[in-house]
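Novice: Since chain A is already given, all that's left is putting chain B on it; use the hints.
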Amino acid sequence: MPSVVTEFIEEYGELLGQGVVDTLVMLIVSTAIAYVIGTVLGVVLYLTAPGSLRPMRALNAVLGWVVNIGRSLPFIILLISIMPFTDALVGTTSGVRGVIPPLVVSTAPFVARMIEQSLAEVPRASVEAAEACGASIPRVVISALLPEALPSIVRGVSITLIAELGYTAIAGAVGAGGLGDIAIRYGYYRYEDEVMIVTVVLLIVLVQIIQSACDFIARKIDHRSQAEA
Amino acid sequence: MIEIQHLTKTFSTAAGQAHALDDVSLTIEDGDIMGIIGMSGAGKSTLVRCINLLERPTSGKIVVDGQDVTGLTGAALRAYRRRVAMIFQNFGLLAQKTVLDNVCFPYKAASGRVTAENRKRALELLEMVGLAEKASSYPSQLSGGQQQRVAIARALACDPEYILCDEATSALDPASTNSVLKLLRDINRTTGVTIIVITHAMGVVEKICRNVAVLEHGRVVEQGSVADVFAAPQSQAAKVLLERVDWDA
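Chains A and B supply the protein sequences, listed in that same order. First residue of the first sequence: 634, per the numbering used here; consecutive thereafter. First residue of the second sequence: 663, per the numbering used here; consecutive thereafter.
Next comes chain A alone, as it looks inside the complex:
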């Protein structure tokens, strides 16, 4: 009986292992970069909104517009349309490296909105109290707003990662590598159903791990509930 499993692992083990690694590399590297850009955008969107700490109508509108454009392009279109830019930046438009720039470009605006949303959930009184203590705006952001929003931001990370996992699979269609690539090449073009099924199972497991880990961390760092003590 175990011969079927052994055979499968022998034949595809390395391929699938590499696929998982490629997927994780794409996911983690692009999410990390997207969070650096997206957090800055999200903070600026929050601060410049009407009635916020530094209302600037024009900047807020233009930035909101840019973010919306970034979010409205379907990923596969974005991936193809910025290929010259990708090539100039990382020297290739395929493989794991070639897909990171489009992943960042599509994820950063998403992250910006998630961060903006998380910051908006921080009670107004806490922010005003920090201001009334004589804190500068950067100090309010770094020492009050972002720490207060952190549990919500961490929950946002799980949503971002899972959405992006979907993008990495789409990127497989243009030879990006990773689990999506394997599913398309082996499962779709070569009708190797077992590979397709295992790939799907691996993706499901990844999603579950991401969700559980982020939930766990968010609960651990959130001091708002009375339950802990």
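Not one of these hints is a red herring.
Derived DSSO-like pairs (lysine-lysine); straight-line CA-CA distance at most 30 angstroms:
hint : chain 1 : residue 1 : chain 2 : residue 2
1    : B       : 782       : B       : 796
2    : B       : 844       : B       : 796
3    : B       : 844       : B       : 782
4    : B       : 901       : B       : 869
5    : A       : 853       : B       : 782
6    : A       : 853       : B       : 796
Because the hints were derived from the structure by calculation, they are not lab data.
Specialist: Chain B in isolation, oriented as in the chain A frame:
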């Protein structure tokens, strides 16, 4: 001494211009506990928020110890805000920081870091408000009255000359209200800090204030010592707030 001179604050709303404050002039003497009382929408919160410039007045001046602070910005504004601490109806504590870190926040705001000396001072303040043993708790683990006392300790961190209380006891039950008011009165007596109390409850004014101004529709309609205003209220607003009207009429 805080002198509020011809202060006006106008908000633009969909329905047109709303005058939250209309030519308000008041003087608050050093060491006083001054009550500013009025019904909801009378403009008292706007007034107190103009004092520390959380709101910018449309016209008029705030003069503190002879210095016009109305136009302050940047570092000068932040330095001024450290002289004028504020406590809020909803406490305004940071939920993800411990009680001690909350009390230390003004130090962080001032210099970007918290020294061992700052922490020692913060613990003394927590001792003073009776919450030293809660230093490493989080605000969600405290009652409303305790949270407000933490907020008072935070307000005292930078040794302010003035404390603005914006409906500080409105969210508290009577027992917590009394303990918070008593604490404010004691602080006023021991440190001489000037306290400005915004409230819609005459009981609060009666308990701790020496002077009072009655605000109605953004105007000061009556002011004087608490004893005089309570003995013979002149304005309709004061009579209503003191429940000296025949409500069946």
